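Peer 1: Use the sequences and the hints to build the structure in full.
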Amino acid sequence: MLKQGLSSLFREFTTIDNILGVGHGHKLVRGEDTGEQSVIFLVRKKLPRGELSRKALLPRKIDGLPTDVIEVGDIRLLSDRTQPMRPAQPGVSISHFKVSAGTFGAVVRDRDTGERLILSNNHVLANATDGADGRAVVGDPIVQPGIYDGGTLQDNVIGHLVRFVPLLRETTAPHCPIAKMFEALLNKCIGLLQPHYRIQVLHESEKTNIVDCAVAKPINDDIIQADIFEFGEIAGVKEVKVGMAVKKSGRSTGVTHSLVLATDVILKVALDNREYGVFADQVLAGPMSMPGDSGALVLTEDNYAVGLLFAGSEQVTMFNRITNVLDALNIIF
Numbered sequence: 371m372l373k374q375g376l377s378s379l380f381r382e383f384t385t386i387d388n389i390l391g392v393g394h395g396h397k398l399v400r401g402e403d404t405g406e407q408s409v410i411f412l413v414r415k416k417l418p419r420g421e422l423s424r425k426a427l428l429p430r431k432i433d434g435l436p437t438d439v440i441e442v443g444d445i446r447l448l449s450d451r452t453q454p455m456r457p458a459q460p461g462v463s464i465s466h467f468k469v470s471a472g473t474f475g476a477v478v479r480d481r482d483t484g485e486r487l488i489l490s491n492n493h494v495l496a497n498a499t500d501g502a503d504g505r506a507v508v509g510d511p512i513v514q515p516g517i518y519d520g521g522t523l524q525d526n527v528i529g530h531l532v533r534f535v536p537l538l539r540e541t542t543a544p545h546c547p548i549a550k551m552f553e554a555l556l557n558k559c560i561g562l563l564q565p566h567y568r569i570q571v572l573h574e575s576e577k578t579n580i581v582d583c584a585v586a587k588p589i590n591d592d593i594i595q596a597d598i599f600e601f602g603e604i605a606g607v608k609e610v611k612v613g614m615a616v617k618k619s620g621r622s623t624g625v626t627h628s629l630v631l632a633t634d635v636i637l638k639v640a641l642d643n644r645e646y647g648v649f650a651d652q653v654l655a656g657p658m659s660m661p662g663d664s665g666a667l668v669l670t671e672d673n674y675a676v677g678l679l680f681a682g683s684e685q686v687t688m689f690n691r692i693t694n695v696l697d698a699l700n701i702i703f
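Using the working numbering, you'd call the opening residue of the sequence shown number 371 and step up by one each time.
Note that these hints are calculated values from the structure, not bench results.
Treat the hints with care, since some could be wrong.
Claimed, not checked - Distance condition first, Cα-Cα at most 20 Å in a straight line; then the derived PhoX-like pairs of lysine-lysine:
hint, residue 1, residue 2
1, 577, 638
2, 415, 397
3, 397, 431
4, 577, 468
5, 416, 431
6, 425, 415
Please read all numbers here as calculations on a predicted model, not as lab measurements.
Peer 2: Rendered as structure tokens:
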């Protein structure tokens, strides 16, 4: 079929609300490319034939070519993920007002009240706080885009921190008064010999982290939308498995894909240049992220949520199990 023929089909069939476009392509059968030339109809949502009106039923063949349908959602111009977006959408830049920038992961709901909340990592929305260090408190402002991307308290506040799971360090400053007195005594002694040195007494923690997550309450319901940037709606939740194909939509690297390499992982993660935290029951995937992608929701190829991305390297990406995140924060999709 010539391009002129496609133009005629476009004018004829896009009068049907669900049909957005037409093109040439190969017919797919159960997701497999048959190699057979066909006329492709691009639809907002793919529906069973039994649910279509007579007007919306497509012919099985046009000019001897089979027809096929591809679901494309609502096609829109792609905005810069590091710019202000209103309503703000999961997959773009966001941060606590003291943090550089991370990714808005998803719109979730409080299990008790039903109110909509913004999901991301603790280290994105709550400045990696352990809950006692003063790095963040409930009520702190959340900006979109993140501070690193030009977000300001004057113009870009979209919500306030409402809940977080503390991030536990492998070692922490002691709360014990005896340990503090001992530290002060040691520093007084060493100050006489080496005035530019200081000794710190640390408490060794045996606790492990299961999640790195937090939620913020939007300043109003219209300032956020639930569809993930370039992915659309979340279809539900699935249990992650080794070998599963996964994807994410993040602030730094956009849409990326990988495979799950391992589950039930226990490992040390650098929380900054000096501090480490131990994380258990984590999921390891191949490389699919860079700094700034933290907080992105990890999904299957058919949009089921399986995890919340929080760490990585040039070789791998780490994410929390999404079921652990939902339970820890008392939220649902």
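Peer 1: It remains to establish, for every hint, whether it holds in the given structure.
Peer 2: Right, here's what the structure says about each hint:
1. Distance restraint check for residue 577 and residue 638: the Cα-Cα separation of roughly 12 Å lies within the 20 Å cut-off, and the hinted pair is therefore satisfied.
2. Pair hint residue 415 plus residue 397 holds up; C-alpha atoms about 18 Å apart against a cutoff of 20 Å.
3. Distance hint between residue 397 and residue 431 is fulfilled; the C-alpha atoms sit about 12 Å from each other, no more than 20 Å.
4. Distance check on the hinted pair: residue 577 and residue 468 sit about 26 Å apart at the alpha-carbon level, beyond 20 Å; violated.
5. Pair hint residue 416 plus residue 431 holds up; C-alpha atoms about 18 Å apart against a cutoff of 20 Å.
6. About 16 Å separates the Cα atoms of residue 425 and residue 415, which keeps this hinted pair within 20 Å; it holds.
The structure shown violates just one earlier hint, number 4.
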